[in-house]
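Peer 1: Work out the full structure, taking the sequences as your base and the hints as a guide.
If you're matching positions, the sequence shown starts at 12 in our numbering and goes up one per residue.
Just so you know, the hints here were simulated from the structure itself, not pulled from any lab data.
Just so you know, even glycine gets a beta-carbon here, dropped at the ideal spot from N, CA and C.
Careful, some of the hints might be misleading.
[Claimed, not checked] DEER-style ranges, computed between Cβ atoms: (1) LEU216 / GLY354: 17 to 23 Å; (2) GLY140 / GLY286: 55 to 61 Å; (3) GLU241 / ARG342: 23 to 29 Å; (4) PRO35 / ASP203: 29 to 35 Å; (5) LEU58 / ARG342: 30 to 36 Å; (6) THR304 / LEU216: 25 to 31 Å; (7) ALA308 / GLY206: 27 to 33 Å; (8) GLU39 / SER288: 30 to 36 Å.
[As the list claims (entries may be wrong)] EDC-like cross-link-like pairs, simulated, lysine to aspartate or glutamate; straight-line CA separation at most 16 Å: (9) LYS205 / ASP175; (10) LYS315 / ASP325; (11) LYS215 / ASP325; (12) LYS53 / ASP214; (13) LYS54 / GLU32; (14) LYS315 / ASP43; (15) LYS149 / ASP175; (16) LYS123 / ASP57; (17) LYS149 / ASP43; (18) LYS149 / ASP229; (19) LYS336 / ASP291; (20) LYS53 / ASP31; (21) LYS336 / ASP274; (22) LYS236 / ASP119; (23) LYS212 / ASP43; (24) LYS389 / ASP325; (25) LYS53 / GLU32; (26) LYS53 / ASP129; (27) LYS205 / ASP185.
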Amino acid sequence: MQRTHEHQEIYRTVERFVVDEINPHVAEWERDGVFPAHEVFKKMGDLGILGINKPEEVGGMGLDYSYQMEFAEALGACTCGGIPMAIGVQTDMATPALARFGSDFLKDHFLKPAVAGDQVAAIAVSEPGAGSDVAGIKTTARREGDEYVISGSKQWITNGTQADWACTLVNTGDADPSSRHGNKSLIVIPLDAKGVDRTTKLDKLGQRSSDTAIIFFDDVRVPAKHLIGEEGKGFVYQMMQFQEERLFLSASILKAMDRVLDDTIDYTRGRKAFGQSVLDNQYVQFRLAELATEIEAVRGIIDKAVGALLAGEDVTLLASMAKLKSARVAREVCDASLQFWGGQGFMWESTVAQFYRDLRLHSIGGGADEVMLQIISKRLGLGGKRKSG
Numbered sequence: 012m013q014r015t016h017e018h019q020e021i022y023r024t025v026e027r028f029v030v031d032e033i034n035p036h037v038a039e040w041e042r043d044g045v046f047p048a049h050e051v052f053k054k055m056g057d058l059g060i061l062g063i064n065k066p067e068e069v070g071g072m073g074l075d076y077s078y079q080m081e082f083a084e085a086l087g088a089c090t091c092g093g094i095p096m097a098i099g100v101q102t103d104m105a106t107p108a109l110a111r112f113g114s115d116f117l118k119d120h121f122l123k124p125a126v127a128g129d130q131v132a133a134i135a136v137s138e139p140g141a142g143s144d145v146a147g148i149k150t151t152a153r154r155e156g157d158e159y160v161i162s163g164s165k166q167w168i169t170n171g172t173q174a175d176w177a178c179t180l181v182n183t184g185d186a187d188p189s190s191r192h193g194n195k196s197l198i199v200i201p202l203d204a205k206g207v208d209r210t211t212k213l214d215k216l217g218q219r220s221s222d223t224a225i226i227f228f229d230d231v232r233v234p235a236k237h238l239i240g241e242e243g244k245g246f247v248y249q250m251m252q253f254q255e256e257r258l259f260l261s262a263s264i265l266k267a268m269d270r271v272l273d274d275t276i277d278y279t280r281g282r283k284a285f286g287q288s289v290l291d292n293q294y295v296q297f298r299l300a301e302l303a304t305e306i307e308a309v310r311g312i313i314d315k316a317v318g319a320l321l322a323g324e325d326v327t328l329l330a331s332m333a334k335l336k337s338a339r340v341a342r343e344v345c346d347a348s349l350q351f352w353g354g355q356g357f358m359w360e361s362t363v364a365q366f367y368r369d370l371r372l373h374s375i376g377g378g379a380d381e382v383m384l385q386i387i388s389k390r391l392g393l394g395g396k397r398k399s400g
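Peer 2: Here is the structure:
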């Protein structure tokens, strides 16, 4: 994929915003366990960077997905992993289905304000008993006249305590015994609606500046016109959203991995052990060289996936590979680097400790490694016919 001047400008704009408006506050927000999403998103909306690949008619730039990948990678300049995740929920997880299939009413009332940064969005799919098993959700939306009545709960919801609304996957009918997919629908639920309780904020190992909540729905009534697209198509819509989510997650941690590696090179060059710099040890040199190569391999998979997406191809296989590989390399980079830092790497405030905590989520959120392997195996036709994509 050729990187144009316009790509570089998007990258520089986002990186500059991160350095000037986010990084000076990261330590405080990490301590507080939350960042001011409305304030940050409004500033981003004013810059026009919350809708890079969204249509111009909803306030976006109308650019192709390669520009969104510049946005995602530039967010990696953040000195923590939680805030890029929270921003990605707004741009690549809660809004793609709304942009593709939402009615004019939904776009006017929810998508446009999200692109402008006037509203904060969440994606509510995971449940206590249905994380990776998306088809196993229990939350229901019962149709009563011109309303849906929603009951159930969602867990591990990023932006959950601050979001104005959530793109929510629900069951809108009884499951067909032959398929658990055909009764799923996506509905926009305002989180200030009567019967919504999102006061349970979760205390996480990492990504602490990104608030995460359990959301309870107790007979929450929303207008039927809050349905995204067609009833019963929610699983399909969500699977489409997952591809963009997984590419975003993969690209958003590239610079974090670079940062950990660069900081480790600098630290080991200055750290002395047994009369020499730790970096003078050939094993350390080779290991860091190997990790740098792995990061570039991840970039290659992402680049190929984006190229396929722009060509209109099914990128399920490549997006799953990118998600799997990026998450595993991130774990490897952080773990190996922490070892080379020695005791200092085990200190809470060190760069390597920050990303050791924050990037661990990438092997779980957005589809666990094991789910990615399952998808890849299926797409490769292991035990059956190979599928393209």
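Peer 1: Can you name, in rising order, the numbers of the hints this structure does not satisfy?
Peer 2: 3, 7, 11, 12, 14, 15, 17, 19, 21, 27
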